[in-house]
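Modelling step: build the complete structure from the supplied sequences, incorporating the hints.
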Amino acid sequence: MRPSIKEILAMKPEEKSRTVSGWVRTRRDSKNVCFFELSDGSCLKNLQVIVDKEKYNPEALLSKLTTGAGVEVDGILVESPGQNQPVELQAAEIRLLGEAPADSYPLQKKRHSFEFLREIAHLRPRTNALGAVTRVRSAASYAVHKFYQERGFFYIHTPIISASDCEGAGEMFQVTTLDLNNIPKEDGKVDYSKDFFGKQASLTVSGQLEAEIYAMSHSNVYTFGPTFRAENSNTARHLAEFWMIEPEMAFCNLDGDMDVAEDFIKYVIKYVLENCAEDMDLFNKFIEKGIVESLRSVVDSDFHRVTYTEAVRELEKNTGSFEFKPSWGADLQSEHEKFLTEKVFGGPVIVTDYPKEIKAFYMKMNDDGKTVRAMDVLVPRLGEIIGGSQREDSLDRLTARLEEMNLDKKDYWWYLDLRRYGSVPHAGFGLGFERLIQYLTGMQNIRDVIPFPRTVHSAEF
RNA sequence: UCCCCUGUAGCUCAGCUGGUAGAGCGGGUGACUGUUAAUCACUAGGUCGGCAGUUCGAGUCUGUCCGGGGGAGCCA
Numbered sequence: 038m039r040p041s042i043k044e045i046l047a048m049k050p051e052e053k054s055r056t057v058s059g060w061v062r063t064r065r066d067s068k069n070v071c072f073f074e075l076s077d078g079s080c081l082k083n084l085q086v087i088v089d090k091e092k093y094n095p096e097a098l099l100s101k102l103t104t105g106a107g108v109e110v111d112g113i114l115v116e117s118p119g120q121n122q123p124v125e126l127q128a129a130e131i132r133l134l135g136e137a138p139a140d141s142y143p144l145q146k147k148r149h150s151f152e153f154l155r156e157i158a159h160l161r162p163r164t165n166a167l168g169a170v171t172r173v174r175s176a177a178s179y180a181v182h183k184f185y186q187e188r189g190f191f192y193i194h195t196p197i198i199s200a201s202d203c204e205g206a207g208e209m210f211q212v213t214t215l216d217l218n219n220i221p222k223e224d225g226k227v228d229y230s231k232d233f234f235g236k237q238a239s240l241t242v243s244g245q246l247e248a249e250i251y252a253m254s255h256s257n258v259y260t261f262g263p264t265f266r267a268e269n270s271n272t273a274r275h276l277a278e279f280w281m282i283e284p285e286m287a288f289c290n291l292d293g294d295m296d297v298a299e300d301f302i303k304y305v306i307k308y309v310l311e312n313c314a315e316d317m318d319l320f321n322k323f324i325e326k327g328i329v330e331s332l333r334s335v336v337d338s339d340f341h342r343v344t345y346t347e348a349v350r351e352l353e354k355n356t357g358s359f360e361f362k363p364s365w366g367a368d369l370q371s372e373h374e375k376f377l378t379e380k381v382f383g384g385p386v387i388v389t390d391y392p393k394e395i396k397a398f399y400m401k402m403n404d405d406g407k408t409v410r411a412m413d414v415l416v417p418r419l420g421e422i423i424g425g426s427q428r429e430d431s432l433d434r435l436t437a438r439l440e441e442m443n444l445d446k447k448d449y450w451w452y453l454d455l456r457r458y459g460s461v462p463h464a465g466f467g468l469g470f471e472r473l474i475q476y477l478t479g480m481q482n483i484r485d486v487i488p489f490p491r492t493v494h495s496a497e498f
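Throughout, our numbering is defined as the position within the first sequence, counted from one, plus 37.
To be clear, the hints were calculated from the coordinates, so they are not data collected in a lab. There's no promise every hint is true.
Stated by the list, open to error - Simulated restraints on C-beta separations:
1. Lys146 / Arg188: 27 to 33 Å
2. Tyr192 / Lys53: 43 to 49 Å
3. Pro138 / Asn219: 56 to 62 Å
4. Ala97 / Ser270: 50 to 56 Å
Unchecked claim - In silico BS3-like cross-links for lysine-lysine, where the CA-CA straight-line distance does not exceed 27 Å:
5. Lys326 / Lys307
6. Lys53 / Lys90
7. Lys375 / Lys307
8. Lys53 / Lys43
For glycine and all other residues, C-beta sits at the position ideal for the given N, C-alpha and C.
Below, the structure written as structure tokens:
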């Protein structure tokens with residue numbers, strides 16, 4: 038393989054000729070020289086190529102070196118007299134591989150709005166910002182695996198298609214091979230015995246319950262895969278298809294859960310700051326001023342930890358600044374979460390021990406009988422980035438909770454078996470990967486941190 | 001799903017109380033000490049989101065549909 042532009046930019050000037058390939062980002066022309074910059078996506082910076090027209094002047098070809106064109110250049114890497122780059126390529130021969138006619142190519146050498154770029158998601162990774170997001174997302178993915186693998190966690194592939202009917206974490210996308218124009222029915226209801234799986238099936242909304250199975254055999258496990266929610270939500274932080282990381286730890290209580298969550302977020306931040314410095318600099322300058330400094334301080338300080346009850350008490354001191362009055366028993370509003378992270382604590386906050394009524398059936402009950410061992414990690418700008426809990430490991434209490442919430446025990450037979458055989462304390466959480474990328478980059482809309490966003494009424498590309 | 005804002009040139013927008021359209025950038029052409037958001041000059045681009053209505057006259061007012069954005073809820 039030919040060296041990437043990232044590698045070439047780190048090289049010293051050399052005598053022999055080399056070949057560089059990439060796409061033209063910008064061109065500047067004057068009488069005797071022509072400059073154009075090449076990108077191959079390997080880094081934010083471009084390689085400047087200079088054509089000395091007195092030595093080499095393929096006029097017809099130069100006019101086609103417009104933004105977006107794919108080219109191959111033979112030349113010598115020389116020291117650059119310019120200010121912005123240590124080296125540049127002195128072109129000896131240029132081959133146009135694929136032109137990009139300037140009168141129709143949508144990307145121009147100017148700033149574009151993210152809204153516009155979303156409409157051309159097939160071309161937007163060629164821009165500086167989206168290109169940087171792409172590299173940061175890749176680095177963060179690697180850091181996720183690295184963090185868990187270094188700690189002896191096993192990566193579990195939980196199913197994408199779920200027929201277990203007990204996830205209940207949100208509206209689900211149904212998966213079917215039935216002919217929707219001619220649905221088989223029995224007693225007026227859909228006859229799912231005729232469907233592919235012989236029962237109703239959906240895309241997963243969480244891998245947690247299956248991850249718990251493996252936590253009960255391999256102690257520490259994690260999942261990292263796509264997740265689907267058919268909610269009709271229309272915000273800058275929701276997707277119908279998103280990626281979620283869900284660790285699950287046996288012999289672990291809520292405190293251990295919080296420790297892992299905090300270490301995990303800090304680890305990924307640190308990894309990205311160290312390995313994507315150039316891209317982070319772009320976000321720091323143009324997307325969210327000061328983000329690098331604020332992320333650094335997050336790495337160097339402890340997350341604040343408060344109980345739900347304490348948080349509500351804190352909010353009640355400032356009732357005046359809210360549209361919705363905080364009150365014990367009600368879920369925290371977005372404005373409350375923002376207030377806690379941005380005004381009260383000025384950084385990430387972990388809120389624990391929520392009222393059982395506003396949390397899922399599987400969370401471990403506290404001795405007070407009113408609250409559960411839940412925790413949400415809230416961060417500035419975004420709000421909730423992690424939701425987790427210690428799981429109820431008592432068969433009796435879990436059964437009682439199912440009954441209280443009118444859920445059918447039969448649907449949870451294998452989940453209850455985990456409490457019937459060798460049940461031990463365990464805990465875990467779910468982290469929305471795109472929200473983490475938003476947090477890292479400062480990108481305001483979640484649709485711009487995933488290559489192909491799926492949202493209500495939108496599944497283009 | 002609810003509330004608010006918005007839809008004018010390829011892009012980002014201006015267009016006051018109704019009189020059939022402008023800028024910057026981008027494109028093209030030319031000029032130009034090696035430029036780097038290059039610079040300078042000239043130039044071509046628009047059934048003003050769709051439909052219907054009020055009016056002598058609608059980009060501008062009304063209704064409606066479609067698209068986009070922000071906030072809320074649901075959550076990760």
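Hints, one by one, checked against the model:
1. A hinted range of 27 to 33 Å for the beta carbons of lysine 146 and arginine 188 is inconsistent with their spacing of about 46 Å.
2. As the Cβ distance of tyrosine 192 to lysine 53 is approximately 44 Å, the hint placing it in 43 to 49 Å holds.
3. Checked against the given bound of 56 to 62 Å, the beta carbons of proline 138 and asparagine 219, roughly 48 Å apart, lie outside it.
4. Taken as a hint, the range 50 to 56 Å holds for the pair alanine 97 and serine 270, whose Cβ atoms sit roughly 53 Å apart.
5. With a C-alpha separation of about 18 Å, the suggested pair lysine 326 and lysine 307 falls inside the 27 Å cut-off, and the hint holds.
6. At roughly 21 Å between alpha-carbon atoms, lysine 53 and lysine 90 fall within 27 Å of each other, so this suggested pair holds.
7. With a C-alpha separation of about 24 Å, the suggested pairing of lysine 375 with lysine 307 holds against the 27 Å cut-off.
8. Annotation: proposed proximity of lysine 53 to lysine 43 holds, straight-line Cα distance about 19 Å (limit 27 Å).
The structure is inconsistent with the numbered hints 1, 3, although it conforms to all the rest.
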